[in-house]
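Using the sequences provided together with the hints, build the complete structure.
Below are the chains, spelled out letter by letter.
Protein chains: 2
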Amino acid sequence: MQRILSDQLAPYTGRTVRIAGWIHRRRLLKSVAFLIVRDAAGLAQVVVTDPAVRAEVEALPEETVVEVVATVVTNAAAPGGLELTDPTVRPLGPPAVPPPFDLYRPELAATLPTQLDHAPVALRHPTRSAALRISAAAVAGFRATLDSRRFVEIHTPKVVASSTESGANVFDLDWFGRPAYLAQSPQFYKQLMVGVFERVYEVGPVFRAEPHDTVRHLAQYTSLDVELGFVTDHRDVMTVLRDTLAGMFDAVGDRAAGALDTLGVTPPPVPAQIPAVHFTEALRIANAPADEPDLAPAHERTLGEWARREHGSEFLFVTGYPMAKRPFYTHPDPARPGYSNGFDLLFRGLELVTGGQRLHRHADYLAALADRGEPVEPYAGYVDAFRHGMPPHGGFAIGLERLVARLTHAPNIRQVTPFPRDLHRLTP
Amino acid sequence: MQRILSDQLAPYTGRTVRIAGWIHRRRLLKSVAFLIVRDAAGLAQVVVTDPAVRAEVEALPEETVVEVVATVVTNAAAPGGLELTDPTVRPLGPPAVPPPFDLYRPELAATLPTQLDHAPVALRHPTRSAALRISAAAVAGFRATLDSRRFVEIHTPKVVASSTESGANVFDLDWFGRPAYLAQSPQFYKQLMVGVFERVYEVGPVFRAEPHDTVRHLAQYTSLDVELGFVTDHRDVMTVLRDTLAGMFDAVGDRAAGALDTLGVTPPPVPAQIPAVHFTEALRIANAPADEPDLAPAHERTLGEWARREHGSEFLFVTGYPMAKRPFYTHPDPARPGYSNGFDLLFRGLELVTGGQRLHRHADYLAALADRGEPVEPYAGYVDAFRHGMPPHGGFAIGLERLVARLTHAPNIRQVTPFPRDLHRLTP
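As they're listed, the protein sequences go chains A and B. Take the first sequence: its letters are residues 1 to 428, numbered as in our numbering. Take the second sequence: its letters are residues 1 to 428, numbered as in our numbering.
Fair warning: there could be bad hints in the mix.
As the list claims (entries may be wrong) - Covered stretches of chain B, as calculated for chain A (at least 3 residues, CB under 8 angstroms):
1. 151-157
2. 256-269
3. 349-363
4. 413-421
Honestly, the hints are just simulated from the structure, not real lab data. Glycine is no exception: its CB is placed at the ideal position from the N, C-alpha and C atoms.
Right, here's the structure in full:
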């Protein structure tokens with residue numbers, strides 16, 4: 001008899017089926033025992049009345065893996081209106097050692113450090129796994145949106161000979177006796193690949209040796225990187241970003257509806273036109289001094305509230321960040337010297353995406369590096385390529401875990417990351 | 001006027017359009033000049049008769065990025081039956097420095113080291129970019145096949161505290177002052193995630209500090225990892241692998257038909273039942289001594305020829321590899337002590353996929369490590385999870401670059417890898 005999943009019972013009403021999964025919970029009442037079995041599709045209720053079967057079930061702690069052969073019957077009082085009766089229960093492994101927290105309670109009552117120390121079991125809790133299902137759906141939406149716009153997926157090196165974003169916060173590596181670094185972003189490679197495909201994206205790990213311990217930083221995170229050529233300026237990039245986010249949230253709604261229910265969240269609508277303010281205007285809104293070179297987290301929060309209040313939008317573009325605070329490959333705003341064609345997208349008052357137009361002329365790269373007193377040599381393999389014809393281009397990078405944390409109202413990014421890596425954590 | 005791509009000309013016949021791209025080739029004849037423009041969709045032929053425009057074009061070397069506004073006309077002699085006449089040509093950047101090889105020739109006439117040294121431009125050659133389009137299509141097919149079977153995509157740590165496959169061939173890393181390693185595979189994590197989702201997959205980089213320099217090894221490659229629970233044994237895993245490969249090749253045919261044409265290759269049919277031989281039988285077929293513990297590359301080639309000759313199949317499963325040559329988490333064959341429920345899939349006589357059933361009982365892990373004289377402690381976060389209930393499970397890992405190389409008959413895996421990393425190469 002082929003195993004079926006817990007959400008496939010209905011067509012088998014009145015018949016005998018085989019299901020399998022984890023004992024999510026046992027409720028041992030006087031005259032009857034309920035066995036709740038958890039599988040990939042959800043939960044199924046098994047009713048045990050036979051004393052011999054009950055004795056077997058009593059010896060199987062929660063999380064033991066079992067196979068149940070039983071009859072599907074309707075019961076309006078059962079979850080989903082169906083339950084399984086007259087079962088035989090066969091363990092598929094030894095009795096499980098109970099985890100250090102109860103997985104069957106609606107909330108996972110363990111501190112975050114305890115959850116992370118026991119991640120392989122904590123992630124089985126429906127609230128933790130729901131966040132990861134949302135994450136998978138969001139990535140599927142990211143790819144689907146870009147595939148339909150002729151973007152090509154790429155895979156680029158994660159070990160590099162020179163740092164991409166700045167000399168700080170890189171992990172050092174021994175590469176066959178040579179010094180190397182973990183890539184902080186696929187920035188250079190995605191730009192170079194615009195020369196090949198015009199439009200590219202990559203979903204992959206990036207590494208930041210962040211020396212601070214915050215609720216919104218990880219030392220490894222999943223970056224959703226996009227780059228496209230033949231743009232007029234950063235606004236073309238912002239349009240693609242808007243459509244990509246809309247596609248991601250649509251996919252979450254379509255593919256992870258159950259997970260959204262579990263967490264009681266709804267993806268916010270992405271406005272057809274996301275409101276945008278220039279950096280100088282953002283400083284005014286945030287009551288920050290006009291000579292601030294960047295936005296602090298408190299400023300971003302104020303801007304998030306402002307966008308919700310003034311525009312009814314959970315999203316806000318801030319454009320025109322000062323050149324001094326953006327990487328050397330950033331394209332300046334031709335109309336406002338000192339300001340860039342770079343932007344951030346805030347989602348609920350937190351930077352979720354960084355992007356912008358990039359330099360595309362070789363001479364501009366040489367000048368930008370000279371301006372910053374940086375040598376060209378470490379960047380030669382990247383900068384040299386711009387001698388061979390590159391179109392105006394730009395792109396952005398979305399932090400996946402940050403997006404999911406923000407969407408699910410998780411106070412700490414580690415809650416939506418299966419096995420986080422940070423200053424303190426290298427296991428499991 | 002909105003830019004259109006070179007494969008969108010037909011509906012505009014008789015009208016003026018704007019295209020943009022790279023000057024792929026100029027042919028400066030006496031009375032007329034042809035400008036071949038390359039964009040994301042292919043090539044477009046522009047006919048220049050105006051002496052002023054011709055003078056401009058003569059100053060723009062190959063690979064210069066240009067925008068062309070011109071009239072679409074039919075010409076049976078032109079590629080695709082259409083060409084662009086009466087153009088204005090506007091460069092979108094400075095004149096390009098010609099690459100060290102001609103990109104417009106049908107074959108890229110440069111040694112592989114030269115191509116790799118100048119990867120950002122070499123990859124623009126239609127034969128090189130075609131392989132990467134095939135790669136993207138194969139990965140799309142991988143995900144689509146597994147998504148339709150309820151697999152969940154995961155993203156796991158690429159920096160780990162202990163090596164996964166063996167103590168050798170790992171890259172050492174300094175993680176905030178602590179020793180760490182680049183992950184050789186997501187093996188442990190994908191198994192742990194079977195406890196959460198039953199069925200998972202990951203597309204991501206893996207790192208092998210391979211000390212040898214061969215045409216089939218990279219130090220970073222893209223691994224397509226799959227793991228599934230509630231299997232009877234490795235044969236259930238082989239069935240999923242067969243269907244996944246079929247889905248990948250179908251997607252390549254659907255999504256990368258032009259790239260296949262460019263390279264003149266056709267994906268081979270994946271037999272409904274891929275032939276399978278036991279390891280002991282494989283040794284006999286390969287005329288290897290019966291006590292060989294593993295298959296050498298020459299044996300694999302012989303087996304590949306045998307599968308084609310005897311079964312008309314480009315694919316061959318070899319099952320039941322000796323336990324001694326498989327990792328400690330491998331499930332033994334209950335019927336044949338010393339042999340495993342592990343398999344390899346050979347594609348055209350080369351190992352493309354490794355997989356098998358894994359141990360799923362905690363006690364079996366302790367015994368397996370003790371047997372090998374290995375301590376449990378470095379694996380504690382992994383092995384401990386098996387105390388909390390894990391179903392019988394197994395999985396496999398496909399090497400993406402190897403698959404594309406084999407499919408496209410590339411003699412060296414580096415030809416289908418955009419920016420390869422190996423013993424010698426860390427740039428670009």
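Hints versus structure:
For the stretch 151-157 of chain B, the proposed coverage by chain A is satisfied: 6 residues have a C-beta within less than 8 angstroms of a C-beta in that chain, meeting the threshold of three. As drawn, the stretch 256-269 of chain B meets chain A at 0 residues by the rule of a beta-carbon pair under 8 angstroms; below three, the given contact is violated. Under a criterion of three residues with beta carbons nearer than 8 angstroms to beta carbons of chain A, the stated coverage of the stretch 349-363 of chain B is upheld, 4 such residues being counted. Note: the stretch 413-421 of chain B has 3 residues with beta-carbon separation from chain A under 8 angstroms; the three-residue rule is met and the coverage holds.
Comparing the model with each numbered hint stated earlier shows that hint 2 is the single one that does not hold.
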